[in-house]
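Asks: So the chains spell out like this:
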Amino acid sequence: MKINLGNNEVTMKLNRRSFIKCAAASSAIAAAAAIFPGVSFADWKKQEGASGMITWKKAPCRFCGTGCGVLVGVSGDRAVAVKGDPNCSVNKGLCCVKGYHSVQALYGKDRITKAKVRRNGEMVAVPIKEALDIIAAKMKETIDKHGKDSVAMYGSGQWTIPDGYVASKLFKGCIGTNNLEANARLCMASAVTGFMTSFGIDEPMGCYEDIDHANVFVTWGNNMAEMHPVLFSRMLANRKRRSNVEIIDFATRTTRTSQAADKSILFKPQTDLAVANAICYEIIQNKWVNWDFVNTHVSFHKGLSNIGYGTEDHFAFTDKEESINFEEYKKFLEDYTPEKVEKISGVSAKDIKYLASLYGDPAKKVTSFWCMGMNQHTRGTWIQNLVYNIHLLTGKISAPGNSPFSLTGQPSACGTVREVGTLTHALPHGVVMDEHARELAAKIWDVPVSNIDPKPTYHTVEMFRALDRGDIKFMWIQVTNPMVTMPNLNRYRNGALKDDRFIVVSDVYPTPTTDVADVILPAAMWIEQEGMFGNSERRTQHFAEIVPPPGEAMSDTWQLIEVARRLGYEKQFPWGKDEYIGKIWEEYRRFHEGPKHNMAPYTVLLERSGVQWPFVDGKETRWRFNPKYDPACTNGKDFDFYGKKDNTAWIWARPYEPAAESPDAEYNFWLNTGRVLEHWHTGSMTRRVPILHQAMPASYVELNPEDAADLGVVNGEKVKIISRRGSIVMPASINGRGVPPRGMVFVPFFDESYLINELTLDAFCPISKQPDYKKCAVRLEKVS
Amino acid sequence: MPIFSYLAIPEAGAVDKLCAELSSINCCEIIPAENKEIVILVTDTPNAATETKLQEQLNGLKSLQSLSMTFGHSDEDQLGKQRGDHEA
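Protein chains in written order, with this note's numbering: chain F, 7 to 790; chain X, 12 to 99.
Quick caveat, the hints were computed from the structure, so don't treat them as lab data. Worth double-checking, as some hints may not be accurate.
Claimed, not checked - Capping the alpha-carbon separation at 25 Å, the derived lysine-lysine pairs in DSS-like fashion look like this: (1) F:K27 - X:K28; (2) F:K98 - X:K47; (3) X:K64 - F:K27; (4) F:K246 - X:K47; (5) F:K246 - X:K28.
Claimed, not checked - Away from chain F, derived, C-beta distances all over 10 Å, residues of chain X: (6) A44; (7) I49; (8) D55; (9) E62.
Owing to the predicted nature of the structure, the values given are computational and were not obtained by experimental measurement. Don't be surprised by glycine CBs; every beta carbon is placed ideally from N, CA and C.
Build the full structure now, drawing on both the sequences and the hints.
Replies: The structure is reproduced here in structure tokens:
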């Protein structure tokens, strides 16, 4: 392991050994925390502090959308240890196994430290200034030849807020194209459209403190034990501490979350839509509706049905909203009696009634959690609406413990993508279609308003289709790995490799995406740069540059600034290297002025382990729409749903519609994909952490034991999985940490050696444009 | 030169005795939990012979109910992930 300390060899050996011992202690602490929730090791901190070798600096964790506060131990120029930040309300000193080992991800052997350019088919190292010159020249040439909409940027929910902000300013404000998307389209776009259609304003109304107040937790297709382990531990700790807490896991396969839950209910893929409607039917039939709340704060609506799946190029859909009354909504629900839905969903009428009784009991506070299971869904917007319907009918919303809570997957999917608006239709405040939003952006960015195009161009799937078709010729990809994550991957990889396409990739390690690049830029990672993330509970978290980036690596923000200046936009990007993050933040903050979204000043972010917005008069807002907590409420009532112009929250009549592709006689299994505890997304960072790699070295296909027996496959034997789009051979996992029901297989996507997305389908929710990675049809063969 | 960490669970009521005994053994560092009867043990031995001797000493502790390994490192088999390491 190369150690860039600049000290003598003895010191290097001592520090390396001490680093490994810190990692050993961290692993033990993580294991202890999993077994004994709430366990504390205060003496460890004293010992470390007393050593005099390590200084501790605050940062949010690099992985997942929880936003755990960590303290990074630094010795010289090297990050050597991590512990949970006890002052951060998110995790109160706890981390998961990824968090405890996060700094080791900085120091993989094959870290990209130099720029590379493809010459005669080979990647050749060049000075980074030369690579930036080439990028700017290629962008200019492409725009001159093919127009501004022939260049595109594809970013990430792992972008820092300044990364996304300067990308938006450059592409939307300066170049004048809306060809800006981010991988959060693949993970939380349906959450956004769910919020916008139900409440007219994005992001959760509650906060993690809901966990300390709720009596019932329902996890909707959400394996929190592996995906949000720190929050799940907090749930378990509450269940242990309080006698009246229960956890219901409502899912399509049995997971660690199911095992820890008080009750596990399995449903057939896609039928969560029907079950949610059946819960509402029961609530109404049993007179559990909170009429005081509904009469004052709720209105009823319906939209179009049979809305398609977007599998064809240039697919377009616009919903048509129509107001209805309660009686019409009640009539709509008659198709969803528990007995009828039992036949669709496989969930017994008894269990549906049980779920309804939990939501309907006025004495119980209920928090619903969801993430990818509801977001990656061809009716993703609808299922969000339907779960909000349950909370709205019962008035269980916007109060401590009563919370429909959409969790995000990435550390700044909220902060960078949703708040900055790094999607084709969005601006840092409002949407490009809104004249006032364009005027505000032009004023703050100091560009002519005519620069900002009022028409969105391509959402992510369509953007990669445009690259394949040749409508887009140049694409710059930062902080993400689409050549692992795009559904129907073969098409999009082939598109990126076509002769007249030019791909720039900024990353920290080689990946299948850098494999298709014409230019690779070495990027600073996490605490090698200053920045901010925004987590799932509206919390903005600042981190300083704690250690220097290796070689010529630079922040993605600064890469964009360098190229913008080369394109002639010096006036819009005037900042110096020692000040740019603070300056960018203060400029960006102007977009959100006002009580509904005011952000904390830079100086406040520096001091605290995260600040929740709206930040008004020096106070954070924990529960929105509730005047006890939210200064934006002005209607004088007990709640104020100020997002919609009619000041109501909207209940939607949304039907059950089947998945885009379901098992049939030829392809007789569901394929479900997802993540594992040990690895972050495509594994490009966590697979370089030895202990995480050892714990989960390779991907696998989970089979139901009876299906495995029918196929004649035992644990570890190879299985070929075949879809209409591709095939893959993988080892079988039977009765492992997850067990699918008969007729389903599950494959984690973290392992680039097994590109499961070559099999998945690029169908998406027509409203959110988010693909469904949880449902397509495959068949299986034993490999002899 | 292996480094290991363990969760050490004491016999009932013996946490203080366990801490004292572990602290007295060379190559052992302990981190007791402040609110549970559990101790983290980190061992750092210079060679295989010392490691074997240490294991014998640990096995002989009457105050120790169980020992669960949570981390292992040896300079001899240090991992370093290279692309392609994980091909099937």
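Asks: Determine for every hint whether it applies to the structure shown.
Replies: Going down the list of hints, with the structure as the test:
1. Between K27 (chain F) and K28 (chain X) the CA atoms are separated by roughly 24 Å; this keeps the pair inside 25 Å, and the hint holds.
2. Restraint check: the Cα-Cα separation between K98 (chain F) and K47 (chain X) comes to about 17 Å, which is no more than 25 Å; the hinted pair holds.
3. Taking the CA atoms of K64 (chain X) and K27 (chain F), the gap is about 20 Å. The hint holds against a cut of 25 Å.
4. Pair hint K246 (chain F) plus K47 (chain X) holds up; C-alpha atoms about 15 Å apart against a cutoff of 25 Å.
5. Of the pairs offered as hints, the one joining K246 (chain F) and K28 (chain X) is violated, with about 29 Å between alpha carbons and a cut-off of 25 Å exceeded.
6. Not every C-beta of chain F lies more than 10 Å from that of A44 (chain X), the closest at about 5 Å, which undercuts listing it as non-interface.
7. With a closest Cβ-Cβ approach of about 6 Å to chain F, I49 (chain X) is found to fall inside the 10 Å limit, against its non-interface label.
8. At roughly 6 Å, the least C-beta separation between D55 (chain X) and chain F is not larger than 10 Å, which violates its mark as non-interface.
9. The claim that E62 (chain X) is not at the interface with chain F holds, since no C-beta of that chain comes within 10 Å of its own (minimum 14 Å).
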